[in-house]
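Asker: These protein sequence lines are chains A and B, in that order.
Here the numbering used here is used: position 278 in the first sequence is 278, and no number is missing along the way.
Here the numbering used here is used: position 105 in the second sequence is 105, and no number is missing along the way.
Hint data in this document are derived by calculation from the structure and do not stem from the laboratory.
Computed from a prediction, not measured in an experiment: that's the story for all the values here.
Glycine is no exception: its CB is placed at the ideal position from the N, C-alpha and C atoms.
Errors might be hidden in some of the hints.
Think about it this way: if two alpha-carbon atoms lie no more than 20 Å apart in a straight line, the pair counts; the simulated EDC-like pairs of lysine to aspartate or glutamate are [stated by the list, open to error]:
no.: 1; chain 1: B; residue 1: K134; chain 2: A; residue 2: E77
no.: 2; chain 1: A; residue 1: K188; chain 2: A; residue 2: E77
no.: 3; chain 1: A; residue 1: K113; chain 2: A; residue 2: E177
no.: 4; chain 1: A; residue 1: K79; chain 2: B; residue 2: E199
no.: 5; chain 1: A; residue 1: K26; chain 2: A; residue 2: D80
no.: 6; chain 1: A; residue 1: K188; chain 2: A; residue 2: D171
no.: 7; chain 1: A; residue 1: K100; chain 2: A; residue 2: D60
no.: 8; chain 1: A; residue 1: K79; chain 2: A; residue 2: D171
no.: 9; chain 1: B; residue 1: K134; chain 2: A; residue 2: D60
no.: 10; chain 1: A; residue 1: K118; chain 2: A; residue 2: D171
no.: 11; chain 1: A; residue 1: K69; chain 2: A; residue 2: E99
no.: 12; chain 1: A; residue 1: K69; chain 2: A; residue 2: D157
no.: 13; chain 1: A; residue 1: K71; chain 2: A; residue 2: D114
no.: 14; chain 1: A; residue 1: K100; chain 2: B; residue 2: E200
no.: 15; chain 1: A; residue 1: K267; chain 2: A; residue 2: E253
no.: 16; chain 1: A; residue 1: K69; chain 2: A; residue 2: E36
no.: 17; chain 1: B; residue 1: K134; chain 2: A; residue 2: E76
no.: 18; chain 1: B; residue 1: K85; chain 2: B; residue 2: E200
no.: 19; chain 1: A; residue 1: K136; chain 2: B; residue 2: E200
no.: 20; chain 1: B; residue 1: K134; chain 2: A; residue 2: D208
no.: 21; chain 1: A; residue 1: K79; chain 2: B; residue 2: E200
no.: 22; chain 1: B; residue 1: K134; chain 2: B; residue 2: E199
no.: 23; chain 1: A; residue 1: K69; chain 2: A; residue 2: D249
Far from chain A, by Cβ distances over 12 Å, these chain B residues were calculated [claimed, not checked]:
no.: 24; residue: N70
no.: 25; residue: C91
no.: 26; residue: C96
no.: 27; residue: T170
no.: 28; residue: M197
no.: 29; residue: F202
no.: 30; residue: V207
no.: 31; residue: P222
no.: 32; residue: N263
Here are some, though not all, of the chain B residues that point toward chain A, as calculated from beta-carbon distances under 8 Å [unchecked claim]:
no.: 33; residue: G93
no.: 34; residue: D97
no.: 35; residue: P184
no.: 36; residue: L188
no.: 37; residue: P198
no.: 38; residue: R203
no.: 39; residue: R206
no.: 40; residue: L217
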Amino acid sequence: MAAAIANPSVSIQDLSLNFGVMSVLKTLNLDVAEGEFIVLLGPSGCGKSTLLNCIAGLLDISEGRIFIKGKNVTWEEPKDRGIGMVFQSYALYPQMTVEKNLSFGLRVAGLAKDEIAKRIARAAEILQIEPLLQRKPSALSGGQRQRVAIGRALVRDVDVFLFDEPLSNLDAKLRAELRVEIKLLHRKLENTMIYVTHDQIEAMTLADRIAVMKGGVIQQLDAPQTIYNRPVNRFVAGFLGSPAMNFVDGHLENADGGWHFLADGLKIPLSTYGFDRQPEPGPAVFGIRPEHVSLNSGAGWPFSAASKVEVVEPMGSDTLVWLQLAQQKFSVRVTSERTPGNDEAVTVGFDPMRASLFDAQTGNRL
Amino acid sequence: MVDVAASPSDAIVLRRDEAGPAGAKPRHALSRRNIFLYGTLIVVALYYLLPLYVMIVTSLKGMPEIRLGNIFSPPVEITFEPWVKAWATACTGLNCDGLSRGFWNSVRITVPSVLLSIAIASVNGYALANWRFKGADTFFIILIVGAFIPYQVMIYPIVIILREIGIYGTLTGLVIVHSIFGMPILTLLFRNYFTSMPEELFRAARVDGAGFWGIYLRIMLPMSLPIFVVAIILQVTGIWNDFLFGVVYTRPDTYPMTVQLNNIVNSVQGVKEYNVNMAATILTGLVPLIVYFISGKLFVRGIAAGAVKG
Numbered sequence: 001m002a003a004a005i006a007n008p009s010v011s012i013q014d015l016s017l018n019f020g021v022m023s024v025l026k027t028l029n030l031d032v033a034e035g036e037f038i039v040l041l042g043p044s045g046c047g048k049s050t051l052l053n054c055i056a057g058l059l060d061i062s063e064g065r066i067f068i069k070g071k072n073v074t075w076e077e078p079k080d081r082g083i084g085m086v087f088q089s090y091a092l093y094p095q096m097t098v099e100k101n102l103s104f105g106l107r108v109a110g111l112a113k114d115e116i117a118k119r120i121a122r123a124a125e126i127l128q129i130e131p132l133l134q135r136k137p138s139a140l141s142g143g144q145r146q147r148v149a150i151g152r153a154l155v156r157d158v159d160v161f162l163f164d165e166p167l168s169n170l171d172a173k174l175r176a177e178l179r180v181e182i183k184l185l186h187r188k189l190e191n192t193m194i195y196v197t198h199d200q201i202e203a204m205t206l207a208d209r210i211a212v213m214k215g216g217v218i219q220q221l222d223a224p225q226t227i228y229n230r231p232v233n234r235f236v237a238g239f240l241g242s243p244a245m246n247f248v249d250g251h252l253e254n255a256d257g258g259w260h261f262l263a264d265g266l267k268i269p270l271s272t273y274g275f276d277r278q279p280e281p282g283p284a285v286f287g288i289r290p291e292h293v294s295l296n297s298g299a300g301w302p303f304s305a306a307s308k309v310e311v312v313e314p315m316g317s318d319t320l321v322w323l324q325l326a327q328q329k330f331s332v333r334v335t336s337e338r339t340p341g342n343d344e345a346v347t348v349g350f351d352p353m354r355a356s357l358f359d360a361q362t363g364n365r366l
Numbered sequence: 001m002v003d004v005a006a007s008p009s010d011a012i013v014l015r016r017d018e019a020g021p022a023g024a025k026p027r028h029a030l031s032r033r034n035i036f037l038y039g040t041l042i043v044v045a046l047y048y049l050l051p052l053y054v055m056i057v058t059s060l061k062g063m064p065e066i067r068l069g070n071i072f073s074p075p076v077e078i079t080f081e082p083w084v085k086a087w088a089t090a091c092t093g094l095n096c097d098g099l100s101r102g103f104w105n106s107v108r109i110t111v112p113s114v115l116l117s118i119a120i121a122s123v124n125g126y127a128l129a130n131w132r133f134k135g136a137d138t139f140f141i142i143l144i145v146g147a148f149i150p151y152q153v154m155i156y157p158i159v160i161i162l163r164e165i166g167i168y169g170t171l172t173g174l175v176i177v178h179s180i181f182g183m184p185i186l187t188l189l190f191r192n193y194f195t196s197m198p199e200e201l202f203r204a205a206r207v208d209g210a211g212f213w214g215i216y217l218r219i220m221l222p223m224s225l226p227i228f229v230v231a232i233i234l235q236v237t238g239i240w241n242d243f244l245f246g247v248v249y250t251r252p253d254t255y256p257m258t259v260q261l262n263n264i265v266n267s268v269q270g271v272k273e274y275n276v277n278m279a280a281t282i283l284t285g286l287v288p289l290i291v292y293f294i295s296g297k298l299f300v301r302g303i304a305a306g307a308v309k310g
C-alpha cells in the first residue's frame, strides 16, 4: 500500500455496504489525492460501480465514512457533495436539448441566467460541442452523447468527477478516441477523477493509480506499471494483461545452493527473483507474461527449455505462440517476423527476475 | 463478374441481367390463403357490427314502422325524434329532462375521478419504481391484493364510511370511491412504466440536484405521455361505464348516465319505445366509443410500453 496521503480529495474510511445478508463492500479504505486519476478496475460484480455510487451518494452505505475535500459527506445528498457523474448509458434527458441537458442542474440550483450561459459556453468549448447545443440527444451519435454527459458534470464546477464505465457503450475506435480525450481533459482541468471500468487498457492508459477490486475488496492499489509488473496476488496477475500471464503449477525447493521452482522436469533457478517474503518449500505457482519470454534467442538466459509449437495466433502487430511447458499450456509473444511454424521445435528463455511467484493456497505473491 | 463494358449503356444492360428478379414479390390477391383470411375477418366483423346496425336503424324509425317487426330493414322515413326525446324529455321517476341530466352527472363524476386517480397513481408508481423506500414491497403487495378483492365485499362498508363522513349520496363521495378503486391497477401500470425507464436517468437527475418532485415533474412526466394516455383511456371508459357504484353511492338526481339509461329502458309504464331506448343506449355508449376511436393506436402503444417489464 502506498503511504497515507495528506489532505486527500476523497477519503473513504472503513466503508461497508450490505444488501440484506449479502456483503457487497467490506470495510474498504481508499484515499485519493487532489487531482489524481484513480481507476477502479475489476470483473463485473466486484463492487466497483457500487463503490462509485456510494461516493456519489446514490446508495446509502451500511457503515463507515466518506470525506470529500475534508468534509464528511457520508449522509449528504448527491448534489451537496461536489461531485459530477458520467454514466455508461449517458443518461441524457431525452426531452431536453443539449443546452437544457447541460443547464438542468444549474437551473435546479437556481443559478443566474448569465452565469449559466457562461458555464455552458465554457463547457461546450472545452468539449467541442458548440454546434450541437440546440439538438436533442436522439439526434446525436454515441460519442457526442458521451461528450454531452461529460459536459453535464463539467458545468457544475465540481471538485470530483465520477465516471461509471463511460466508454463501454461505444465501439472500439470511438472508445480509443474518447479515452485520449478524457486523459486530455484531466490534464486540462486537473480535477480529481474516479473512473470505473472493466477494461484493463482503459485502466492502464488513464490511471495515475489503479485499484483492482474483487469481491468487494481492493486487492491492490498502485501505479499501473507496478500492478502490471508486481501483482500482489494471482487474481491481479491474471486479470491484468492481454494475452494473459502464463501460470505454471509446481513447487519451491531450496536445493543446490539456492531456491528453485520445480515442475514436471523443469528446474527454474530463482537467484534473480526478488522475494517479497522469506520463501518456504512447498507448492507454488510460477507466473510470467508472454512478452517476457523469448523464443529461439540462444543462450544467455538464466533459464531456458526446449519445447514444440502447438498453435500460432497472429495478432497483427505481433504473434502469440502456444506451446507446452512442464505439460502445461504456455504462451510466448513474438514479433510477427519471427513467427515459427506449427510443430516447430523451439527453445524458450526468460529471466525469472520478471516473473511472479504465488503461494498455491492463498494466491499471494511470494 | 461483369466484363468491362464498351459503352455505358452496355454496362447497364449487363447489370440488369445480373440482377435477376427485381421489385416486389408478385402476390395473388385471390389466393386460397387470402380468401380464407379475409373471409373469416369479414364474417366476424359483421357478427359484431350487426347489433350496432340494428340499434342505429331502429333508433331512426318511428314507432309504427318498428311495429312492422322487420328489425333489419333500413328506415323508410328517417326521424330524429327518438334521439331528441332520449336526450331531452324521456322520463325517469319524477324527472323528465331525459339523459342530459345523467350525461352531465357522468361528466362531473368522470373528469375529477380520472384526474384525481391518475395524479395520485402516477406519483405512487413513480415512488415505488424509483425511490425504494422502506416497506415499498409490502405496500406494493397490499396494493396488488387490493386489485383482486371483489367489489361486492366492500360496497356496504364503504356506504357506512361515506355516511359517517357525511358525503353519502353526493358526487364527491362517488369520485373518491372511483379514485380508490382505480388505484391498484393504475399504480401497477405506472410502476411498470417507470421501472422500464433507465435507472441512470434517475440517478443523473439526483446528481444534478433534483428532488422527489423535481425529478417527477421535470424528467419523468415529460417522458411518460403514452402511459398517461393509456391510464386516461382506462379510467374514462371504466368510470363512464360504471353502473354498480353509480347506483349504490348516488341519489336519483345525481345518477350517472348509465343508471339513468337503465331506468329509462327498464321503465314498465306505458308502451316500450324501442327507438328511444336504442337512441339512449347509443348516446350513453358514445363517449367510450369516441375515446377508443381517437386513441386506438396510442392505446396499443401504451399497453405495450407498460408491459415490457414486470
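Asker: Quick check: which numbered hints come out false for this structure?
Answerer: Violated hints (numbers, rising): 2, 3, 5, 6, 7, 8, 10, 11, 13, 18, 20, 23, 28, 29, 30, 31, 33, 34, 35, 36 and 40; every other hint is consistent with the structure.
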